[in-house]
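**Q** For reference, the chains in residue letters:
Protein chains: 2
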Amino acid sequence: MALLSPSRRLRRTPFSDGVEAAGVKAYTVYNHMLLPTVFRSVEEDYRHLKEAVQIWDVAVERQIELRGPDAGRLMQMLTPRDLRGMTAGQCYYVPIVDETGGMLNDPVAVKLSEDRWWISIADSDLLYWVKAIAHGWRLDVLVDEPDVSPLAIQGPKSDELLSRVFGDGVRDIRFFRFGVFDFQGRDLVIARSGYSKQGGFEVYVEGGDIGMPLWNALMEAGKDLDVHAGCPNLIERIEGGLLSYGNDMTDDNTPHECGLGKFCNTHSAIGCIGRDALLRVAKEGPVQEIRAISIDGPPVPGCDRWWPVTSEGTVVGRVSSAAWSPDFDTNVAIGMIRMTHWTPGTVLDVETPDGTRRATVNRCFWI
Amino acid sequence: MALLSPSRRLRRTPFSDGVEAAGVKAYTVYNHMLLPTVFRSVEEDYRHLKEAVQIWDVAVERQIELRGPDAGRLMQMLTPRDLRGMTAGQCYYVPIVDETGGMLNDPVAVKLSEDRWWISIADSDLLYWVKAIAHGWRLDVLVDEPDVSPLAIQGPKSDELLSRVFGDGVRDIRFFRFGVFDFQGRDLVIARSGYSKQGGFEVYVEGGDIGMPLWNALMEAGKDLDVHAGCPNLIERIEGGLLSYGNDMTDDNTPHECGLGKFCNTHSAIGCIGRDALLRVAKEGPVQEIRAISIDGPPVPGCDRWWPVTSEGTVVGRVSSAAWSPDFDTNVAIGMIRMTHWTPGTVLDVETPDGTRRATVNRCFWI
Numbered sequence: 001m002a003l004l005s006p007s008r009r010l011r012r013t014p015f016s017d018g019v020e021a022a023g024v025k026a027y028t029v030y031n032h033m034l035l036p037t038v039f040r041s042v043e044e045d046y047r048h049l050k051e052a053v054q055i056w057d058v059a060v061e062r063q064i065e066l067r068g069p070d071a072g073r074l075m076q077m078l079t080p081r082d083l084r085g086m087t088a089g090q091c092y093y094v095p096i097v098d099e100t101g102g103m104l105n106d107p108v109a110v111k112l113s114e115d116r117w118w119i120s121i122a123d124s125d126l127l128y129w130v131k132a133i134a135h136g137w138r139l140d141v142l143v144d145e146p147d148v149s150p151l152a153i154q155g156p157k158s159d160e161l162l163s164r165v166f167g168d169g170v171r172d173i174r175f176f177r178f179g180v181f182d183f184q185g186r187d188l189v190i191a192r193s194g195y196s197k198q199g200g201f202e203v204y205v206e207g208g209d210i211g212m213p214l215w216n217a218l219m220e221a222g223k224d225l226d227v228h229a230g231c232p233n234l235i236e237r238i239e240g241g242l243l244s245y246g247n248d249m250t251d252d253n254t255p256h257e258c259g260l261g262k263f264c265n266t267h268s269a270i271g272c273i274g275r276d277a278l279l280r281v282a283k284e285g286p287v288q289e290i291r292a293i294s295i296d297g298p299p300v301p302g303c304d305r306w307w308p309v310t311s312e313g314t315v316v317g318r319v320s321s322a323a324w325s326p327d328f329d330t331n332v333a334i335g336m337i338r339m340t341h342w343t344p345g346t347v348l349d350v351e352t353p354d355g356t357r358r359a360t361v362n363r364c365f366w367i
Numbered sequence: 001m002a003l004l005s006p007s008r009r010l011r012r013t014p015f016s017d018g019v020e021a022a023g024v025k026a027y028t029v030y031n032h033m034l035l036p037t038v039f040r041s042v043e044e045d046y047r048h049l050k051e052a053v054q055i056w057d058v059a060v061e062r063q064i065e066l067r068g069p070d071a072g073r074l075m076q077m078l079t080p081r082d083l084r085g086m087t088a089g090q091c092y093y094v095p096i097v098d099e100t101g102g103m104l105n106d107p108v109a110v111k112l113s114e115d116r117w118w119i120s121i122a123d124s125d126l127l128y129w130v131k132a133i134a135h136g137w138r139l140d141v142l143v144d145e146p147d148v149s150p151l152a153i154q155g156p157k158s159d160e161l162l163s164r165v166f167g168d169g170v171r172d173i174r175f176f177r178f179g180v181f182d183f184q185g186r187d188l189v190i191a192r193s194g195y196s197k198q199g200g201f202e203v204y205v206e207g208g209d210i211g212m213p214l215w216n217a218l219m220e221a222g223k224d225l226d227v228h229a230g231c232p233n234l235i236e237r238i239e240g241g242l243l244s245y246g247n248d249m250t251d252d253n254t255p256h257e258c259g260l261g262k263f264c265n266t267h268s269a270i271g272c273i274g275r276d277a278l279l280r281v282a283k284e285g286p287v288q289e290i291r292a293i294s295i296d297g298p299p300v301p302g303c304d305r306w307w308p309v310t311s312e313g314t315v316v317g318r319v320s321s322a323a324w325s326p327d328f329d330t331n332v333a334i335g336m337i338r339m340t341h342w343t344p345g346t347v348l349d350v351e352t353p354d355g356t357r358r359a360t361v362n363r364c365f366w367i
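So the protein lines, in turn, are chains A and B.
Counted from 1, the first sequence has number 107 at position 107 by UniProt numbering; the numbering is strictly sequential.
Counted from 1, the second sequence has number 288 at position 288 by UniProt numbering; the numbering is strictly sequential.
Here chain A stands alone, though its shape is the one from the complex:
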């Protein structure tokens, strides 16, 4: 692995001091900010995530705040998901599309009240898109990036750990709902959500100054639970089919190609900017789609570029994320496959840097 040169442009987070003290080994850069990727090793972090509880610095999930009378209208312009049934206190996973139906981001929208929303973004400057849409359409809404940094608590012991710091009320938070809880006199939004399939929460830490106090309180409270600093885990997120914007999809892809058709209500999402462009694909379906793919053989190297997927020498897709899974004893991967070859059980070739490997299209993801 290459080294990462430090600069102010690669922003630190309110939790960076804790991350460094915990012995972070590698980073990636996400929304112009440092995101840890390895603490002990990717495989050790994976095992621990499935058995204990971890604290994740996911401050890189920057928020876009919409505030004002047109906030709800603007939110609906951004996504083909119908938001009419959404109430304050709910979180929705929302594909964001441009006027051609291309994916610009795949954030979680947090509805704080009728006229106040947070959009918890993946890796792109969605703020620029949202600000310009508000400007161009002359909407009566304030759009900015507030001082809010999510801290995730993930793993089977998350309820136990979080209840020790915030009280037993957190146990009652339902999936993709949030409540407001006190920490040192501050009201914090806590949602049952996160970028793993092991259960847990995301605390929206409002005010960078309480970042380290909260980090330390959680570490202290969880000593006997074997709490450890962690981060989104490459293996576990592929097993769980959690897509990564920029890896598994880009602005070339529609939500339907990404398997996100279930989050699109293209007919009823009136006002969505990309609605016209998506009506046809919603009706006829995409010609390529995200699939879980098993790759035979020993552990594959890191997937730092698209690996072509071929059938009898013809390219029929690409792999965008891949890792060896200890639990499933195979290489797990995410790829985009053309409809001619996406039937579960189809055997294909993947061109990895280590040579061509046999691969199989799965019926579904592993967890």
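Mixed in with the good hints, there may be bad ones.
[Stated by the list, open to error] According to the in silico footprint, chain A covers these stretches of chain B (three or more CB under 8 Å from chain A):
hint	segment
1	27-37
2	92-104
3	116-126
4	131-142
[As the list claims (entries may be wrong)] Have a look at the derived ranges for each label pair, beta carbon to beta carbon:
hint	chain 1	residue 1	chain 2	residue 2	range
5	A	Ala88	B	Trp306	30 to 38 Å
6	A	His267	B	Val287	35 to 43 Å
7	A	Gly23	B	Pro353	13 to 21 Å
8	A	Met339	B	Asp209	22 to 30 Å
9	A	Glu312	B	Gly185	28 to 36 Å
10	B	Ser41	A	Glu51	41 to 49 Å
11	A	Arg47	B	Gly355	40 to 48 Å
[Stated by the list, open to error] Listed below are several chain A residues computed to face chain B (Cβ distance under 7 Å; list not exhaustive):
hint	residue
12	Leu3
13	Leu4
14	Pro6
15	Ser7
16	Arg8
17	Thr28
18	Asp125
19	Tyr128
20	Ile133
21	Gly246
22	Asn247
23	Asp304
24	Ser320
25	Trp324
Read the hints as simulated data drawn from the structure, not as lab findings.
Predicted model, so just to flag it, every value in this text is computed and none were measured.
Where is the CB? At the ideal position from N, CA and C, for every residue including glycine.
Place chain B on chain A using the hints.
**A** For chain B alone, coordinates are given in the frame of chain A:
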């Protein structure tokens, strides 16, 4: 320095194979893409840049292409620089501002023809802003990211090297002008520009497939000129006062604060989105501004966060970039200083990770 985890999301460039073969030691991430930062060492690369010639993979300077009848109108909406006098064949450094006058990017605009422009961007997804403005204002213009990757040739021997590959015509290109030159049957835009003060060119490589052929042709042609792979050099760019978006300025800053008032014609740039917001600052001047700052003592550590600048204990600014300069035998730095303390010769304190250092506001940058 920490390690950087590879992933497809951190895009490779058409020149990455050459960069790796040349022994790149560290990267940063810029526009979701890998940007080399060190080959031999920052100080060796610096010395070599000033004495010989380097090939830089600056594919991270992604292009935004504007094409269509409203291309020129859209370009003027983006910037407070008056573009009426600009002719095809010219490049302009253009601050890009939002409706509040905040900097969104500081790219170079390349006017290919009346209805076709490239915007060669710094590190932010300006494409999102430009696409949404075109959409919101219903402009008749196509906006996208073409397959164009700049390759810079920088250093005192740049004219000699480039003329060996493209012919003596390149010697006649004037500063911030471009010509079109043939390489293997392909027309390439070549501008006299680049992110150093050592002279040189940027070749806008259209079509990733000719990236490595051109890289190899330049390396081969320059063997006796001591050509080497290089990259924007931290020390040299601070000496030259070349600002870095995300380091030295953010969307909190107006162009005037960044010392870019000379690129703003706020009165005559009719149509500029941020014009109203900038009229007052253009008239009264900013209350803080970018300054060259010398920091006393031994070499400072890497500047990975803003260092507070104080006077008698009160914060009066911040340093955002700093490095030891062998040629000027001092630490050179770029900072934003309040008007009460920005007079050349003012002595201030800078709080570095190594402790407080004495610093002086300079009259101008070093080169």
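**Q** Flag every earlier hint the structure violates by its number, smallest first.
**A** 6 and 25
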